[in-house]
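Fit chains B, C and D to the given chain A structure using the hints.
Number of protein chains: 4
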Amino acid sequence: MAGSSIGKNIVLTTWGESHGKALGVVVDGFPAGMKLDEEDIQKFLDRRKPGTSPATTPRKEDDKVEILSGVFEGKTTGTPISLMVRNTSQISADYSEIANYYRPGHADYGFDKKYGFRDYRGGGRSSGRETIGRVAAGALCSKLLSEMGITVCAYTIAIGDIEVDYSKFDRAAILKTPTAMPDVDADKRAMELIQNAREKQDSLGGIIECQITGVPAGIGDPVFDKLDALLSRALMSIGAVKAVEIGDGIRVSAYNGSYNNDVFTTAGGVVFKETNHSGGILGGMSDGDKIVVRAYVKPTPSIAKTQHTVNKAGENIEINIKGRHDPVVVPRAVVVVEAMCAHTILDLMISNMSSRSSSIIEFYTDGN
Amino acid sequence: MAGSSIGKNIVLTTWGESHGKALGVVVDGFPAGMKLDEEDIQKFLDRRKPGTSPATTPRKEDDKVEILSGVFEGKTTGTPISLMVRNTSQISADYSEIANYYRPGHADYGFDKKYGFRDYRGGGRSSGRETIGRVAAGALCSKLLSEMGITVCAYTIAIGDIEVDYSKFDRAAILKTPTAMPDVDADKRAMELIQNAREKQDSLGGIIECQITGVPAGIGDPVFDKLDALLSRALMSIGAVKAVEIGDGIRVSAYNGSYNNDVFTTAGGVVFKETNHSGGILGGMSDGDKIVVRAYVKPTPSIAKTQHTVNKAGENIEINIKGRHDPVVVPRAVVVVEAMCAHTILDLMISNMSSRSSSIIEFYTDGN
Amino acid sequence: MAGSSIGKNIVLTTWGESHGKALGVVVDGFPAGMKLDEEDIQKFLDRRKPGTSPATTPRKEDDKVEILSGVFEGKTTGTPISLMVRNTSQISADYSEIANYYRPGHADYGFDKKYGFRDYRGGGRSSGRETIGRVAAGALCSKLLSEMGITVCAYTIAIGDIEVDYSKFDRAAILKTPTAMPDVDADKRAMELIQNAREKQDSLGGIIECQITGVPAGIGDPVFDKLDALLSRALMSIGAVKAVEIGDGIRVSAYNGSYNNDVFTTAGGVVFKETNHSGGILGGMSDGDKIVVRAYVKPTPSIAKTQHTVNKAGENIEINIKGRHDPVVVPRAVVVVEAMCAHTILDLMISNMSSRSSSIIEFYTDGN
Amino acid sequence: MAGSSIGKNIVLTTWGESHGKALGVVVDGFPAGMKLDEEDIQKFLDRRKPGTSPATTPRKEDDKVEILSGVFEGKTTGTPISLMVRNTSQISADYSEIANYYRPGHADYGFDKKYGFRDYRGGGRSSGRETIGRVAAGALCSKLLSEMGITVCAYTIAIGDIEVDYSKFDRAAILKTPTAMPDVDADKRAMELIQNAREKQDSLGGIIECQITGVPAGIGDPVFDKLDALLSRALMSIGAVKAVEIGDGIRVSAYNGSYNNDVFTTAGGVVFKETNHSGGILGGMSDGDKIVVRAYVKPTPSIAKTQHTVNKAGENIEINIKGRHDPVVVPRAVVVVEAMCAHTILDLMISNMSSRSSSIIEFYTDGN
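Residue numbers (the working numbering), protein chains in the order written: chain A, 1 to 368; chain B, 1001 to 1368; chain C, 2001 to 2368; chain D, 3001 to 3368.
This is chain A alone, in the form it adopts within the complex (with noise of 0.2 Å):
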């Protein structure tokens, strides 16, 4: 069955696999008129890109991608935006090896048993690079939140046991240093633990946050599709987060009520919330303060280290994987992050556009 696409209102469909010919997406029901080119989406894509420090993995992919539609003019249409990038630093030679057995941590084993066979060359459609799609797709709704002055800013906040210290927050280094953390001292101790383990032939994981703000109270519904629940499909559905939380997360389970609480209060006409700890989130709907989210990303599975698994034959062996692989997907992870956030919030709010009845008579005999 159908498992490639999210969203309701605008729905993103990714294909591709990490070396057929190419990657790509299609994003059906992006509103028209919005001005767009290449490099609107570039930007985005360069955020994910290998091959930019020692955090990543050598692979070198110009991933420039290619509108093949939608767009006119130098606006979206309305219709169907087909985005494309091809791979061509491909080299399955690395891979024929991982044909015949099962690697730890990835999902080999699962897909020999739900469809058979797969396409092994570098995870085939588990491999990272699906997630080209989804910045790509991000970078659009990213551009038409930013025009409603919303803003959404993913980071890293933890590579392995290094900690970003918050009162160090520097939003400018986000795009800087190499481990997307905003806080440069944190940065080099990151870069300095991602060194060590690399040379000890292992892999790192850490905690990506991503903050939303300006999005309006009221987004969100209050059943199935809560604002909190759409973001955690989102987040989980990037291929190594192993845990979601909104606001306060976890730590909540320990509180009292009369802490966890926000207090709301008014000043000014303005209502607002003096903490909080929902993260921006009550009841599945925006509350009005600022959305934050955290996606905790495991290892990566790859790893240059001698491991024991099993292969086809159903026999018990020794591996040694071959092949170009990031000591920690964190850093490139984060714009995925921050592109996931974009589209589900933005999906959301065209949903909350007929919420009241009143909304649609007044668009409709406003001459619309």
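No lab work stands behind these hints, which were simulated from the structure alone.
Cβ atoms here follow ideal geometry from the backbone N, Cα and C, with glycine treated the same way.
Some hints could be false.
Claimed, not checked - Now the stretches of chain C that chain B is said to cover, found in silico as 3 or more residues with beta-carbon under 8 Å: (1) 2026-2035; (2) 2043-2049; (3) 2068-2075; (4) 2078-2084; (5) 2232-2242.
Then chains B, C and D, alone, in the frame of chain A:
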């Protein structure tokens, strides 16, 4: 926009408010031929029924389910199964004040911003009573899964700072302890903590874990419909859940890959994993191991303590919430977690029936 | 797989069988703030109620609707509206024979092949009573459309070979004639034809037309969600409908383009078409003109005449169907057609609210 | 809102404009393991290729398909299959005038009202070239159906007033005659009619029929996802189709029930129907007989004759449409009809695999 449905093959649509006439669910797409009577459902509903212990609200509701359609001669017919529970103990008067202000930690403010007004009685649509429909539907899914040897079992592992000791894990205790903990000692201490919180007019949160055994490898889709992505959405859509994790979850962010990778091994022709950091899910698909998922639940926002907030007129006020509330929702939410997991797993297992063209061809050439 | 829901923004899910406890619909996604009481719905249901004329089955059902959720203080809340009608006049004994054979012209054989067995009482899920939920939901959609100046009006244009004379079109007659024809003369002749068919233990078919006025241009999507594609699906999903046409429909296949093309013209600043062969839809989108759609309805398959068929044991047998049946379903199906059209139009109008990025930006920067 | 996707299990998403860089489709959910190469698809695309006879536009396009993903080692992998055709013969200059006025019979006016502007080159998204993606996807579905003994065969039965004589039905002729008629005599006369229409700067419509054999009984859902409802939507979503009928279709409205009911009978243990007025569908499910569906196609709206219309400035003007157009789209639409039917049938057959709980249990206890 519609947001009260979940699922692709078996679609659940819940409806109803805390203090309306009734609540229910339509289960569309449930396969034909399964034996079903009201008792099968009632025993699940009784696990979330209020008024059964000092850990719950004193509101008394029998929550008797009525099967309105989709069952004939004691078996499901394949057509929509409509299940309804009448509300009988509404005391709306308790809630008249709430109409005019926004309770901290609640969805009130979001509701007003989204819809322009709200059914304020007992939380309306945001009430925990909405989960009646989920639990009723989950009972059906669990029953069919059990006929395939799959068990879905949820339980409380923490309330406040009281944690279950896994070395004392007693599965039989889950249905007997008022906290739904599988450890009678921890249960006793948790009940004391709850009593204490109640006396302080305060509330508690906790953690629910769900284990699913017997799921074959390969269930789930590699991209947006990952098994863990859909489990996350399902669990995060439960009112008070603020974080979800799979397997070692948040802890994996600090692991090394060489530790986190579960080694595949084989003995007697069976492939299995030596460890289960993955929580039974790799690359979005089941890996054949036990599936382990955890939901972090916030403390009940309705507390008797005096609180500050804002009213609809935009004034800062002090409030004392009346009504009947749970000091902790965790024990009653356990069966809701179990229901949502059962539905997610069954729905994805059905999707997998058409993963291979050979399966489809065999199905139709075997005389079906 | 689930198949009892329709719609994208406003999702209708019907449930219930002819001789079960009740039938109903959940309307999810209906916007908040519209005034609604049971009488608004009842007057639609009364148009399809049986037992009101010699043209219908003698089965007596009050078909009183109960609003179970989603309405508070006389207004829709934006949450699911659950509507139910209890069955009161089931005489299942009439149907016990049917369990063992396949009625010609009915779904019995398909049901057994698909599900392995069936609720044979009164057609079970395939009964015309399933449309109660559609009509109830359609009442809501029609009401909101009417607040935007859009009217949806269906009527009978033929029964057997008796056709309405458009020169005698009397809109007021539609709700008065037992055939729902807008022409009292044709109605009289049709009633005679029906009486005649009944005496011969036979049945009749006919044609229903629906006109929708006031729909702005541009509603519908250019590809799979074309306005005419979704209208076709909606109408063909009504039990006895075997053909659907838009505007001049089947006749256009023999036209020349120069005749079929409706000329756009303008006068007083208003753009309009000089003719309406298109039936108000071009390229899948409304063209601003009156939308005209027609459904061709087959004769009731349940006839009293002796018929030949096969039983479950695989024997050729003769049958005489008992039970209470309509000699023609057309008059009662008129309001069903109207309901399905109203829902389709409203659902697509909501979709159009986000067709332009400027509309979204304006919506959110106007303080919504 | 998104509207370029169709299907539940196998979801097709088409993209691309007539004069953009390329057109294509993503086929998501197609089962793994089917042999597939570009030639399998190309032979379907060649049936809709322009420039092959006097019945088509002189625009020359090779329409060479490229498989970008989802196929590995010559077999489908179960992941999204991305198919693309580059546009090579765009002559946009032909269309520059169109930007400023609304062509009669076209979607131009609706596009401008919906989206605020449009890609006017060659009809943009509304071009018949959009169906390239449908045909490519249909090739895949037809191939898998054929492996189950199911044939989907569409052909022209009328162009203008020239109708096929069923007594001369020659299946082999369909792929040979320029009109795709199964009757060489009718084809000759139709080609003369087309030549005549072209000389008069006019255009023609026609009728396409599709027969599907080998479908087991019980496919389709009894309510909104009726087999005929989904076929109708699929066919009516093809640009120029204005009516759809199943079996005897429009004629049944004048039948008596005793004539219209197809008698079930049995011989040699096989159940069959003595007649097929139903067109192989009863109550929304296949009845085991041949499925027969017909689409009525309007005359090409682009004609060379002088026409009157309105321009964007709101003035009444005279126009002469340039560009390369088909005098009749019917012959090239035949394979589109076939593609849409193949997809609809296969998608619903997959849905039926989970109609019975016993099927699911067997699937998972047979070692899958």
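Legend entry - Check of the stretch 2232-2242 of chain C against chain B for coverage (Cβ-Cβ below 8 Å, three residues minimum): Violated - the stretch 2232-2242 of chain C has 0 residues with a Cβ nearer than 8 Å to chain B, which falls short of three.
Inset, instruction - Check, residue by residue, whether the stretch 2068-2075 of chain C contains three or more positions whose beta-carbon lies closer than 8 Å to a beta-carbon of chain B, and give the verdict. - result: holds (count 6)
Legend entry - Coverage criterion applied to the stretch 2043-2049 of chain C (partner chain B; beta-carbon cut 8 Å; 3 residues): violated (count 0)
Legend entry - Check of the stretch 2026-2035 of chain C against chain B for coverage (Cβ-Cβ below 8 Å, three residues minimum): Answer holds; 5 residues pass the 8 Å Cβ test.
Inset, instruction - Confirm or reject the coverage of the stretch 2078-2084 of chain C by chain B under the rule of 3 or more residues with a beta carbon closer than 8 Å to the chain's beta carbons. - result: As far as the stretch 2078-2084 of chain C goes, the hint holds, because 6 residues have Cβ atoms under 8 Å from chain B.
Of the numbered hints listed earlier, those contradicted by the structure are 2 and 5.
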